[in-house]
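Enquirer: In this text, residue positions in the sequence shown follow full-length UniProt numbering: the first is 1, and each later residue adds one.
It is possible that some hints are incorrect.
What the hints assert, rightly or not - The calculated lysine to aspartate or glutamate pairs, modelled on EDC-like cross-linking and capped at a C-alpha distance of 16 Å, are:
no., residue 1, residue 2
1, Lys572, Glu488
2, Lys241, Glu296
3, Lys314, Glu359
4, Lys241, Asp277
5, Lys329, Asp284
Derived from the structure by calculation, the hints contain no laboratory data.
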Amino acid sequence: MEWPRGDDPTEETRTLPIRISSRNGSTSEEETRSFSIRISNPKGCQWDDNHVTEIYRDQDLYRAAKNGNLEEFTRLLDRISAANHINFHEILSRLSPIGNGFIHVAAKHGKENVVNFIAAREPYMVLSKNFNGETALHLAARSGQASIVEALVRVHQGLLLPYRDENNLLRAKNKSGNTALHEALLNVLESKKGKGALHEALLKSWIRIAEYLIQNDHEISYYQNKDEESALYLAAKASLKECVSLILQSSTDQERVNELFKKNSPIEAAIQGKHKDVLQAIFDINPSFFTLRDGEGRNPLHYAAASGYLEGVKWLCSQFSEMETQRDKSGSFPILLASMEGHVDVIKFLLEDLPDPGEVLDRDGRSILHLAAMQGRTNVVSFFLKNPDLKELINMIDERGNTPLHLATRHWRPLVVRDFTWDKRVDVSIINDDGMTALDVAEYYMQLKDFQNIQYFTWTALMAASTPRALTGNTLGTTKTHRIDAFERQVNFLLLLSILIATVTYAAGFTVPGGYNSSDDDHNNVPGLATMLRQRAFQVFVLSDVLAMYSSLTAAVILGWALSFDFVLVVKALHLALPLFGGALSMMCIAFTAGMYLIVDEIWWLRTAVLIMGMHFLIKLVLLGFPLCFPVSSPNMFLRYISYYPFYFLILLNS
1 MEWPRGDDPT EETRTLPIRI SSRNGSTSEE ETRSFSIRIS NPKGCQWDDN
51 HVTEIYRDQD LYRAAKNGNL EEFTRLLDRI SAANHINFHE ILSRLSPIGN
101 GFIHVAAKHG KENVVNFIAA REPYMVLSKN FNGETALHLA ARSGQASIVE
151 ALVRVHQGLL LPYRDENNLL RAKNKSGNTA LHEALLNVLE SKKGKGALHE
201 ALLKSWIRIA EYLIQNDHEI SYYQNKDEES ALYLAAKASL KECVSLILQS
251 STDQERVNEL FKKNSPIEAA IQGKHKDVLQ AIFDINPSFF TLRDGEGRNP
301 LHYAAASGYL EGVKWLCSQF SEMETQRDKS GSFPILLASM EGHVDVIKFL
351 LEDLPDPGEV LDRDGRSILH LAAMQGRTNV VSFFLKNPDL KELINMIDER
401 GNTPLHLATR HWRPLVVRDF TWDKRVDVSI INDDGMTALD VAEYYMQLKD
451 FQNIQYFTWT ALMAASTPRA LTGNTLGTTK THRIDAFERQ VNFLLLLSIL
501 IATVTYAAGF TVPGGYNSSD DDHNNVPGLA TMLRQRAFQV FVLSDVLAMY
551 SSLTAAVILG WALSFDFVLV VKALHLALPL FGGALSMMCI AFTAGMYLIV
601 DEIWWLRTAV LIMGMHFLIK LVLLGFPLCF PVSSPNMFLR YISYYPFYFL
651 ILLNS
């Protein structure tokens, strides 16, 4: 096996002192040896398929490399070479199933003496990559082996000095696009999640590795991995202000540094991690970095406001007050992003410097409250409704005539719609440029996509407030081309259940508990009457059964009219049929409980258990079904309070 050769191979012999450490028992000895190295064809440093041989063929040799036993490692090399008539290069070229050579194994486990020995014998193995594209430097950096990293860099700078531009070890990337510096910084991020002395030691080791690599080649600070993360970004994200300062101070290409602040900016990373010390470090080196915009036209205050980092918002406003009134490419101010993300504290602070919040609009003319309603931020909406100084925003319209209530309805935010409809200052009758009130918007868009519970809850909240429909006859909700497949399924399902309930309750009416009196019975009993007629539980059974049957039959007839599939008729039919269906279901449960109570009356504990279970599940059924089957459509607050809590509970379940 040979290294691949180029068209014009060259050879050079170099001598370099390599420090090799050997350990024997409790003593440690170090010596410096000079090796004469013949370097052939520096460009041919990639493995070919023939090098995929068995590194485990000689397990003792593998263990010696892993354990750092240099004397045993060299002895076994000599023995294997002599026994098989092969040179050291062929033995050291053996690979593991994932492409790791002996130098990878030694580097991963922190065995500097073995790494130095292999590097001295076969220097280009320092540049060799496994099947993940990783050099020994990658593995050493990831494992926190600072001494190995330094040893490999020394080999690279010494033995491979003439060829560093062609095969730069520090700039080598693995399949994820990470250099060794990336690997060290990524592990710093992970290690900060752990605790204990071991984590602290590894953390210090990774930081030492990162600083050492930056000092030896500042160029790698510009490199980005496949996630477009630079070392500068990762250092800021990991709150390594010393590394951030080192990178910025050692950088000589201002234009390239500026590019790093425009996408995956280190300032953004520091804001997301709430690392004020990193922000201060960047500011101390060059405040102009904060004036750079990213690809979306956002400044640092946009990110601080969007992430809810109040301390960062205050610091940025104190240093760069002009950021508060800067738009991004979508036309959003920082306070608008805070509203969309629901950060009330940030909004309160930024409002202090805004003389007229009604003028803070995006390019669609949407206010702070519009965006909060659209995103379903109930805390922001509640803040605005409780603040009398912001009342002008409540019924403000955007460029398409939509109020915050329209947008909350369009985006199916039932809790926000509920808050708006409970506030008397909200005008629910406003018509937008499409000729629709909020209720029209709900009914129109309910037909355009598959029916979901969240849509029904939104519609119910509007109906509960007696929200009117438009009277212009120009609404989009009357278009006949809309889809009502979801309503068809709901109607068919309820119709089937209603008929089923009617059938069951009809049958129960003629198979009553205890049966009927016959002609052979006592002459005091009228033939054909129920034997338990005078039992109170039986009377409850009869009344409940009759109510359940007639309610279900009425619901079935109403749902039959809905089969015409005219949208308005379907909605009205469901509105009428659902309360009847809910009542029938409840009455059937009561009839069943009363019937079971009658037939086990002689055993007190069993009849008590039947009664308790029946009442328990009946209460659950009423609580869960009430807001669905009995939507209160009334401006009367008392009536609306009745359905408020079950309605709120169901919304939370579906959120």
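Enquirer: Please list, smallest to largest, the hint numbers that this structure does not respect.
Expert: Hint check: 2, 3 and 5 fail, others pass.
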